Structure formats: structure tokens, C-alpha cells
Amino acid sequence: MEKLEYAKGVVFRREPAGGILFNIDTGDLQVTEGVAFGICDMIDNGKDKEKILSELRKHYPEEQDLEQDLDDFIKELKEKGALV
Amino acid sequence: MSSQLPTLGVLYINPAGGCNLHCRHCWVNEGSFTGELLSLENWKELLSQSVAEGCSYLKLTGGEPLLYHDIVPLYRYSASLFPRIVIETNGTLQPEGLWEAFAEKKPFHVSVSLDNAEARLHDEFRGQRGAWEKTVEFAEKLVKNNISNQIIMSVSTAQRQPVVDMIKLAQQIGTGTLKINFITPSGRGKSDNFFDKNPIEDIIEFFTWIDKETPRGVLPSVPAALLPVNRLKNHGYCPVRNLMGVLPDGTFSLCGVAFSRKEMAWGKFPAISVHDAWENSPVYKMIRSSLPHDIEGVCHRCIHRDSCIGQCVVNNMETGGAVTSPDILCQRAYEAGLFPETRLIER
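First to last, the sequence lines map onto chains A and B.
Reminder that position 84 of the first sequence reads as 84 in our numbering, one-by-one numbering, no gaps.
Reminder that position 328 of the second sequence reads as 1328 in our numbering, one-by-one numbering, no gaps.
Derived by calculation from the structure, the hints in this document are not laboratory data.
Given the structure is predicted, the values throughout are model-derived calculations rather than measurements.
Hints may contain errors.
[What the hints assert, rightly or not] Not everything, but these chain A residues come out facing chain B in the computed CB check (under 7 Å):
#	residue
1	Glu-15
2	Phe-22
3	Glu-33
Idealized CB from N, CA, C, for every residue including glycine.
Chain B extracted, bound-state conformation (with noise of 0.2 Å):
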């Protein structure tokens, strides 16, 4: 292994070939899922061999990965292997054996999507009858096992009062943290999304009332710059140079991107081996190469450019054009001068 090589720390993997909900922003499920989907051997050949390459941390996300059909058994080799394991679900599905697995070893953190605390704003979102309930009995049923949670609610919006009524039933469940994510225009968010439908200024002052109005357990998914000093400590960031993606069919991707954008995939589990994947894939190589350092506009000249990355690089692919493209909202905000002075930097 070259010693340039930096080490797979994440992997991200979609074992199911689609979703049960049909959401309103999803950018990874934005068209349906052909191919063929990868065997339980073959997950657990290919999460052998991460482990191998130093891999920790897995995420099984999707699309929905509880619609995995031997989902129960991969999720209890995942355990053997993986210290840290986090599930991201919409929750409306509880297949036989999982609370099960669950209590054998628990996973590290599961986030459940919740948008709306009225369940006809969540159930039109999501597209399906019936979604909001079965996701809140699942994210109570996580606090009852004592798993480390979170509810995901993803708003296009800067009105607040959905915000408000969402941490009251955070609060009700019992549900360890509430995460705002901004819906991208990618996938089915270009028609309804976050960043397009308002002014930075509103923005902004969402942001600023987010932090300044609302309980600490509330993370607004909002780059580094943007947020104040006292949110820095606990800020997590996409670490996208030491991540790599799996699609269904066993694509290797950037986390999950190549569902939609076939440039950002290359090679297939098991014709190529992880390391293969990792060492040799144009995808990574063009990752490594060009990050953080070739970054442009405000995020190349801001201090958090080397952890933050961008913030996404998905999302600046969308509304930049490129890996390198600068993150939207703190390009806008530098534009209309709200960006702070105190997070830039001469280079």
C-alpha cells in the first residue's frame, strides 16, 4: 500500500436495491434500482475484507436498508466486525429478528427519518399512508433499548414553528438528538430545496435562531463557518477522503452519489476486491488529488477548509459543477457579505 494511500476509515454501504417510501428530496433513490443485488456471502466477503484495509466504521444506509432481505444475519456479521455501526432508516419497517440482533450487540447509532409532527405532512412527504406512525413507534422503540438515536428532519423551509413542534416530539419519544438537513437540490430535491427557495439573509437568521433559540440536542446540518464558536466542539464532519461507497449491485461509489451520477462510480464487488477499489479507483484518486486542497471560491480562503471540505461534496457537484465547487451557502453568504471575517484566511 502506497504510504500517499490515506486509510478507509468509512464505509457506506446500500445493500437493498431501492425503498419502500417514495420521499419527496431523495437523492440517492431518485430513479429505480436494475441491477442485480449483491448475496449475503458476498456483503460479508466484501465487509471482511474493509476490515482488512482498517475499515471501523460502517454505515448501512441506503435507499432503505432494512428492506435487505437477509438484513438480520448482515447486520449480526456487521457486528462481529465493525466497533461502531450506524443505521440510517425511515423506520416504517421492523423485519423479524431485529430487536433481537439489536440486544445481542447494539448498534452504535441509529437515525430515523421524521419530518413533520403532524403525520399527514410527514406521510405526504414521504409519499406513503401511514409512515409517520410506524417511524415513531420505531424511534420510540429505539429509546426503550436504550440505543444511542436521532431523528432526521429534512425541511426546504426557514419557518419555524415546524421546528418547534418537531422538538416537542423529540422530546415526547425521548429521542437523544433532532438533526435539521437542508434538503440539496439534487435528485428529486432540484424542485423543492432548501438552498434555492430562500434568501441567504432568511437563511442566516434561521440559522441564528436555531442556535440561539433551541435546545442543544437540536444539530442543524450547517458547515462549520457558519456555525459559532460554542457548536464547533461536537461539529461532525462528511469524511469524504477516507469514505467509500457500495451501491446494491456492488458498484464502488462516493458514498451513495452513483445512484444518480454514473461518473462518480467505478469498478464492482467481487470482480474487483476492496483494496483494488481503493487503491486504483479514478473516482478516489480524483478525491485525493483535488481535496481539500484545489477547493475554490470562499471555502478555499476559510480556516475550516481542511476538515470541512465543503460540507458536501455531492451537493457542489449539483449546484457547482464540480468535486471542488465551494459550498453554496457559505459562497452566498460571502457574497452578500454575512460570511464571518474571523473564519478567513490569506492562502
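With the rest of the complex left out, here is chain A (with noise of 0.2 Å):
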């Protein structure tokens, strides 16, 4: 089991049309719409890595690559300091 955290200072702020990652220390500031978006929340709502991947496989059946993809955005946000 993967526990997925925000770091320290970032918050997730949900809107309409989409969420915002924002870093208090840095000022960093990263829009996330669609998928990007629904992973952002669940990570916020605590979910670990495999609850994540569980949900986008009964949204998205016939993708075959979501681990993969889940991967690369987690490393993404962990490049940009936005995961521990």
C-alpha cells in the first residue's frame, strides 16, 4: 500500500471546473482538470495508491495503461515538491 500525502505548505482547493494545487512556501500553483483532477481529490480524501487505481479502473475499463499513467503523474507531482 502506497500512501500518497500532499507535502508540507500545499494545499488542494476544488472548484467546479477543476482543482488547484497550491504551495503556501513557494507560491507554486498547478491547475488540474479531468483525471488529473479526480486523483488530486482522492488523494486529498486520503486514499492510498492502490484505492486510486482501483476507482480509475471502474471509471476507465478500457484503458489499459492506468497504472502506468498513475505512475508518471504521481512522479510528476512528486518532481514539482507537490507529494512527500
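Each of the two chains sits in its own frame; use the hints to bring them together as a complex.
Below, the structure is given as C-alpha cells:
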């Protein structure tokens, strides 16, 4: 089980058209829409990687590369300092 | 160069000593310009020095930049130095050799000012009969020559029909995007500006209508905090901390604001070099030391503070009295309970 947690100072804001990840310390701001928004929302709700993957598989049963896509997105968030 | 000194990234130059139109809202060319114009050789030297400072983005603006007597050789020289050249023009002038110079090296982007789909109303607003036809012809030529282009429409009301009509006209012309500028209470715009004329509730409703009911190519000049998330990715910000403006006589300014606010001018080229002005101008120093951290009001608490920096310093000076004053729309929205809570943070 891979626990996912936003870095200290990072807040996630939900809006009707998507979400915003904001780092209070650095001022970095990242807009998330669509699937990325959904993933960020689940991270914010404390879901681990396996639970997120399970939710994604329910919504996108035809997609073959979901796990790889999720790993790539998590890696990107870590590189940007949004995830610990 | 001090390690604290930001890069001079963007240069706005106003080469012509005025404008051939007399627009109701102009904040730059409010008074007549009486100084001596910089020569072509002076401009060339100034541009070269700017590039040596690291500058890669040049905006030719005004007044009307195409009114400058040596605009074609100035463009050619600029194009040999700068990767990105943006031109803001009223589109009523086509100096000899301009399109050939554009064909040799296309500008990065050209914006033309066109305020109404009805010729009479545009001409009244711009103070010259026949302006509309010339500007439409210029806009069509930009499209024909495959030059990245935009129409800028200036409005003082939140009426929808003029926008709908302009969208149709822009589509007929084939224009890339339609930017909507809201007339600010500066220069001649003081008497008929968008901010004082419309209640904040109507303004927010107008923005919402633009977002939901108009094509994606319609770009309202709205502070980031008042835009929905899906409009943020391509949102442009004023590069105020990395920006240097130069007036027709070589006076260093913050953008073109020193046309009307002399306290925002410092020094003159060529007596003062670009490097010296960028490093030592009290105007740029004041901007660097106060923005974005000292910005006041709702802007201080906004999550867009460090990129938006109050949307427009000139407008904030006019409406709030200081470069650190908050953006008037965001502040009014906040006071009316219409500012999105999701964009606020405790600092």
C-alpha cells in the first residue's frame, strides 16, 4: 500500500471546473482538470495508490495503461514538490 | 550585476511621439508629447544593450508605433535581435515596406484595436472617421499573411450584444483571438471607465457569461482569481518585475505609464545606459522591493499573488493611489462577498 500525502504547505482547492494545488511556501500553483483533478481529489481525501487505481479502473475499464499513467502522474507531482 | 537583480526579460518601446487617433479611453497618449524623438541609431543601440542584458521579448507599442518615421528599418533591426516581437497597433497605417519586412521575418504576434462591429461606433470611439475600415483591412492582411494576430476590443459597459457582434466580425476576418480589455480609470478613461460604471455584481455576471457562452478564443482581461480553473492554463500575466518601458524621447519608464505619471520615469537614453537604468532606477527598485510581497487588500491573501501581482500596477495606482494597492475588481468582489474563497490563503 503506497500512502500518498501532499507536502507540507501544499493545499488542494476544489472548484466546479477543476482543482488547484498551491504551495504556500513557494507560491507554486498547479491547475488540475479531468482525471488529474480526480486523482488529486482522492489524494486529498486520504486514498492510497491502490484505492485510487481501483477507482480509476472502475471509471475507465477499457484503459490498459492506467497504472503506468498513475505512476507517471505521481512522479510528476513528487518532482514538482507537491507530494512527499 | 547583483544576484538579486531580476532579468530584464521584456522591453516595451513607444517609438512614435503620439498617435494619429484620439481614442476616448487612452491612458498613454492623454497629453501631447513634446520631447525630441530618439533617432533610429539611438533605438538600435538601446535594443542591442537590452539584448545584452538578456532581454528576448520586445513590444512595439504606443501611441501608435507605426507612426514612427523609421518604423520599417526599426522593425527589421529588432527582428534580427529579438526572438519575440509583439506589435500593438490601431491598424490604420501601413507604412511602405511594412508587409515586406513582416514577410522577411514574421512578428511573434500583432494585436489590432477594434472596438465595435459597427464602423460608426468604432470611429466615434477612436476619434477618426474611416478608422474602422482601415483597421479591418489591416486585420485581414495579418490573417492573409499568416501572422499570429488578435483583435483587442475595449469596453466600458457590461453589454453582451457588442461582444457577440465583435465575435462574428472576428470570425469573418479569421482573427486568432478576441481580447476584451476593460477601460481603466486612467488617462482619458477616467470619465468613462468600466470599473466605475458597472456594479461588481454585473461585472461578475458578465465575466461568467463570457466564460460560459462565448468561444474559447474570447479572452477577457480578467484577474486570474476571477477566472475559472479551466481558463488559467493560458492566462497571461503582466511581467511587471521584469519589464522596462521606454518613451519616445528615450525616457525610462515602467511600461508607458510615465507618459502621464512623471514620477514613474527615471533617466533618459542615451545619457543613461540600459544596464544603468535597469540596475539603478528608483522606479524599478521600488517595484522590486515592494511587489509582490507588500501588495495590499485581498491581493495579499490571494493564491495568485506572486504571478498576478495585482493584475495591473498602473490601474492600481490610479484606483488605489499606490503600486501596492490591490486590483479594484478583486477588492470589490471580495467586499461584496463574490471573491472565490478557494483562491484565498492566510499568510
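Evaluated hints:
no., hint, verdict
1, Glu-15, "5 Å, holds"
2, Phe-22, "5 Å, holds"
3, Glu-33, "6 Å, holds"
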